[in-house]
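**Student:** If you read the protein sequences in the order shown, they are chains A and B.
This note's numbering puts the first residue of the first sequence at 1, with every later residue one more than the last.
This note's numbering puts the first residue of the second sequence at 115, with every later residue one more than the last.
Rather than coming from a laboratory, the hints here were simulated on the basis of the structure.
Idealized CB from N, CA, C, for every residue including glycine.
A couple of the hints might just be wrong.
[Claimed, not checked] Here are the in silico distance ranges between beta carbons for each label pair:
{"id": "1", "chain 1": "A", "residue 1": "L46", "chain 2": "B", "residue 2": "D124", "range": "23 to 31 Å"}
{"id": "2", "chain 1": "A", "residue 1": "T72", "chain 2": "B", "residue 2": "E132", "range": "40 to 48 Å"}
{"id": "3", "chain 1": "B", "residue 1": "S201", "chain 2": "A", "residue 2": "K106", "range": "17 to 25 Å"}
{"id": "4", "chain 1": "A", "residue 1": "S9", "chain 2": "B", "residue 2": "E132", "range": "28 to 36 Å"}
{"id": "5", "chain 1": "A", "residue 1": "T72", "chain 2": "B", "residue 2": "D124", "range": "33 to 41 Å"}
{"id": "6", "chain 1": "B", "residue 1": "M154", "chain 2": "A", "residue 2": "N41", "range": "14 to 22 Å"}
{"id": "7", "chain 1": "A", "residue 1": "E15", "chain 2": "B", "residue 2": "P175", "range": "39 to 47 Å"}
{"id": "8", "chain 1": "B", "residue 1": "S172", "chain 2": "A", "residue 2": "E15", "range": "41 to 49 Å"}
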Amino acid sequence: AQSVTQLGSHVSVSEGALVLLRCNYSSSVPPYLFWYVQYPNQGLQLLLKYTTGATLVKGINGFEAEFKKSETSFHLTKPSAHMSDAAEYFCAVSEGQAGTALIFGKGTTLSVSS
Amino acid sequence: DARVTQTPRDKVTEMGQEVTMRCQPILGHNTVFWYRQTMMQGLELLAYFRNRAPLDDSGMPKDRFSAEMPDATLATLKIQPSEPRDSAVYFCASGRGRSSYEQYFGPGTRLTVT
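Chain A extracted, bound-state conformation (with noise of 0.2 Å):
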């Protein structure tokens, strides 16, 4: 069975700084994995998605993951944050094949001061 784990409910950090979210995953079979932003009152929001290839992907808005086989990690980074980052993160994993659903991590609350 797979499985997502989100180190940190919470995140703050300031405008500027560095953004470092944590997930790690469990998996039998090579893993998708993906992120998502939530705002509030909204849906998820695709960031970026690794399914196979190169291993640091970049997504919207400045950020990017990389896929870690012997840490079973895909951490999301951003080098400078910026107050409308401040959200909802959430990492997830899937099987890879077509019509399988998402397992999500309890997500991660991102708060940005200034």
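Since chain A is already given, all that's left is putting chain B on it; use the hints.
**Tutor:** Okay, now just chain B, sitting in the frame of chain A:
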């Protein structure tokens, strides 16, 4: 800009009443997912369909929940009778073909059962 739409956006109802939530997937997407989001449980998969056929509904309480796809442009989630513990945000997501592991979420229906 193709989007998943959901109606209603908000629903307040009394315990025991029937609730129907609707979802219009992105045109051309053949896989539809229903998720429920609560503070306690996070995002949970309720059911999903491929080409209108149910693939997995193991996440749904069978005695009160039902999900259908009357046609390719409409998915419904019904709760009868509703209970206060059903209060949550219900999200629909859709995906396409062999890439349907990449899911696009609607804005959600916020359900409050009093």
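**Student:** Cβ-Cβ distance between E15/A and P175/B: within 39 to 47 Å?
**Tutor:** holds, 44 Å
**Student:** Is the gap between the beta carbons of T72/A and D124/B within 33 to 41 Å?
**Tutor:** Roughly 39 Å apart at Cβ, these two residues keep to the hinted range, so it holds.
**Student:** Honestly, do S201/B and K106/A meet the 17 to 25 Å range at C-beta?
**Tutor:** holds, 19 Å
**Student:** Against the range 40 to 48 Å, how does the distance between the Cβ atoms of T72/A and E132/B compare: consistent or not?
**Tutor:** holds, 44 Å
**Student:** Just tell me: holds or violated, for the beta carbon distance of S9/A and E132/B against 28 to 36 Å?
**Tutor:** Since S9/A and E132/B have Cβ atoms about 35 Å apart, the given range 28 to 36 Å holds.
**Student:** With 41 to 49 Å as the target window, see if S172/B and E15/A comply at their CB atoms.
**Tutor:** holds, 44 Å
**Student:** Is the gap between the beta carbons of M154/B and N41/A within 14 to 22 Å?
**Tutor:** Since the Cβ atoms of M154/B and N41/A sit about 19 Å apart, the hinted range of 14 to 22 Å holds.
**Student:** Against the range 23 to 31 Å, how does the distance between the Cβ atoms of L46/A and D124/B compare: consistent or not?
**Tutor:** Check passed, 24 Å falls within 23 to 31 Å.
The structure shown violates none of the earlier numbered hints.
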